[in-house]
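Residue numbering for the sequence shown follows the numbering used here, starting at 60 and increasing by one per position.
Do not rely on the hints blindly, as some may be mistaken.
Derived DSBU-like pairs: lysine-lysine, alpha-carbon spacing no greater than 30 Å straight-line [said to hold, decoys possible]:
hint, residue 1, residue 2
1, K643, K668
2, K612, K643
3, K612, K551
4, K551, K643
5, K197, K244
6, K275, K197
These are calculated hints, taken from the structure and not from any lab test.
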Amino acid sequence: MESADSLLVCCTQEAPLFLDVAEDSPFRTDLSFVNIREKAGWSREGASAAPKMAALIAEATLAIDGPQALTLESEGVVLVLGRDDVAMGAAARLADRLDVTLVLVGDERPFAPRIADFPVFHGGGITAQGSFADFTLKIADFAAADPSSRGTLRFLPPSPEVGTSRADIILDLSGGTPLFSAHEKRSGYFRPDPRDPAAIARALFDITDLVGTFEKPRYVDFRASICAHARSGIVGCSRCLDVCPTGAIVPAGDTVAIDPGICEGCGNCASVCPTGAAHYTMPDDAAIARRLSALLGAYARAGGTRPVLLLHNSDDGEAMIDAIADFGAGLPANVIPFALNAVTRWGLDTALAARVFGACRTLVLVPPGGANETDTLGEADRMARSILSGLGYDDGGIILLDERDPDALGDRIRALAAEVGEPAARPQGFTPAGSKRALMRLSLAALHKAAPAPVDAIVLPDGSPFGTIAVDGEACTLCLACVGACPAAALKDNPDFPRLSFLEEACVQCGLCARTCPEDAITLSPRITFTGEARSPRTMKEDQPFECIRCGKPFGTTSTIDAIVARMAGHAMFADADALNRLKMCSDCRVIDMAEAVSDPFAAGPRPKTRTTDDYLRQRAENRSAGHGENDDT
């Protein structure tokens with residue numbers, strides 16, 4: 060080949076060599092690589108793995124945009140926490156290259172250093188927040204080291220104020236409770252076992268490289284305008300808050316805030332977000348669907364049957380697949396690896412799209428230590444199975460694989476792949492585009508069209524992002540508080556007529572409408588409707604306008620005014636009929652009627668006449684002429 064804009068190399072082992080050759084080439088060529096050896100060729104069924112190779116190559120040719128990057132600036136400021144000479148020694152080794160501060164905790168006292176080439180303090184309770192290049196610590200009982208310490212280190216009296224410290228990196232050798240939940244995912248926070256010198260040495264080696272400018276992916280793009288967390292202080296959806304393992308998501312008024320520095324890209328928030336406000340970008344939902352379409356489409360065109368997706372992350376999963384191929388029977392010919400940045404970003408939208416494009420089953424390689432973060436995968440499987448079984452499909456489920464032994468994992472994958480039969484129905488694919496909910500609607504339409512047992516509606520489990528509502532017509536007063544609370548614009552009013560409408564296709568079942576309704580007139584019903592009813596607004600409650608009994612101007616609804624009159628009838632302020640009738644008047648007429656009423660509460664007696672000095676003198680003269688005393692003014 061003399062020149063090419065891009066070149067796909069079906070070998071990853073020799074990637075460095077190809078990159079060196081391309082760099083010295085006079086032609087500008089963008090290289091990309093795909094592994095068809097361990098993932099397809101090195102297998103007991105390698106001779107029949109041509110369809111899988113075609114699928115992997117087709118997927119690798121796609122151009123997928125990466126996420127935006129977060130720029131981090133680290134100046135090498137390190138805070139070392141510890142109890143004894145282990146922490147003192149680690150701080151001393153780092154101090155040659157980095158800006159180190161040592162904070163000791165507990166009652167143990169290390170030897171005083173010969174040369175104080177880094178500050179040493181003692182602290183009580185320590186709390187921290189932030190992430191790499193932006194840590195903030197608060198330290199109670201903050202005390203500086205006594206410079207006249209002899210032998211063991213002594214400290215000056217502690218400050219009565221809480222000390223605050225900033226750091227780019229934290230090395231925690233205290234051996235106590237971690238400063239963060241899911242601390243192993245907090246970038247810039249190192250917590251090796253203080254009893255393990257090798258672990259400490261690895262941490263020190265990694266820390267010394269963390270100086271300069273770094274880029275971290277912005278895994279999640281958050282759109283607050285469609286967040287269904289809360290309205291007017293009433294909480295509706297808290298799914299992202301419940302599943303975030305790192306604490307990167309916190310409430311922020313009526314919405315939530317996601318700290319991109321803390322976020323480590325598990326994708327749990329995006330997989331459970333009903334509106335798509337938390338939008339995963341590595342890659343996004345449409346890109347995942349395009350990859351599935353290219354992969355499974357090429358597999359089918361090459362003659363492949365009974366495809367099984369094997370989801371894995373790009374680190375541990377790749378290593379496990381390599382081990383199965385290098386030392387075992389390899390992957391079966393119908394098991395197609397599908398790499399993700401994090402397997403936990405797999406949600407209902409991708410599960411449905413995978414079935415549309417032909418996947419008969421989805422296997423998920425759970426990364427080490429990730430078994431406690433797979434609840435979202437179980438939730439996606441529960442909802443996907445409800446939909447698929449409701450339409451007559453008996454395949455398409457998700458199975459989690461948590462085996463750590465490559466041989467056991469290979470045997471398990473082979474057994475599960477052998478169980479898969481030919482699918483009962485093959486839905487027609489679609490061109491992936493649009494938001495998460497748009498992709499789900501496309502998948503649902505395709506599944507329903509090809510369903511073995513099509514139905515008009517499927518009842519879904521609680522927590523599903525689709526459904527309808529029921530409005531109690533007797534209780535509803537058309538106050539329209541639910542319209543203002545709905546984040547998805549599923550509930551609408553009519554500016555010209557008292558009417559409440561509902562668009563089922565837009566409803567995300569967040570429950571804000573039901574929690575906001577002052578009459579408790581709204582109940583949720585999770586379901587999927589495949590008829591046109593879901594795509595057209597339907598009237599939930601309408602009423603006649605109530606006209607002012609004085610001027611005739613419409614100013615409310617009949618049910619609202621009747622409810623107010625009924626509630627106020629026994630109140631002392633509305634004991635007479637005239638006062639009660641004012642509730643049936645518009646605001647202008649109400650004020651006029653109160654001013655005209657005999658029992659006007661603003662009315663008062665006649666104002667007393669103002670008396671001047673002349674009035675008092677005149678009264679005195681009259682008293683004298685009448686024979687009264689000089690000072691008698693009566």
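Each hint, compared with the structure:
A threshold of 30 Å between alpha carbons decides the hint, and for K643 with K668 the separation of about 40 Å lies outside it, so the pair is violated. At roughly 11 Å between alpha-carbon atoms, K612 and K643 fall within 30 Å of each other, so this suggested pair holds. Proximity of K612 to K551 is assessed by CA-CA distance (about 24 Å); at most 30 Å being required, the pair is judged to hold. Note on K551 and K643: the hinted pairing holds, with a Cα-Cα distance of about 26 Å set against a maximum of 30 Å.
Between K197 and K244, the direct Cα distance comes to roughly 21 Å. Compliance with the 30 Å bound is thereby established for this hinted pair. Restraint check for K275 and K197: the C-alpha separation of about 26 Å stays at or below 30 Å, so the hint holds.
In summary, the structure is inconsistent with hint 1 from the numbered list given earlier, while agreeing with all the others.
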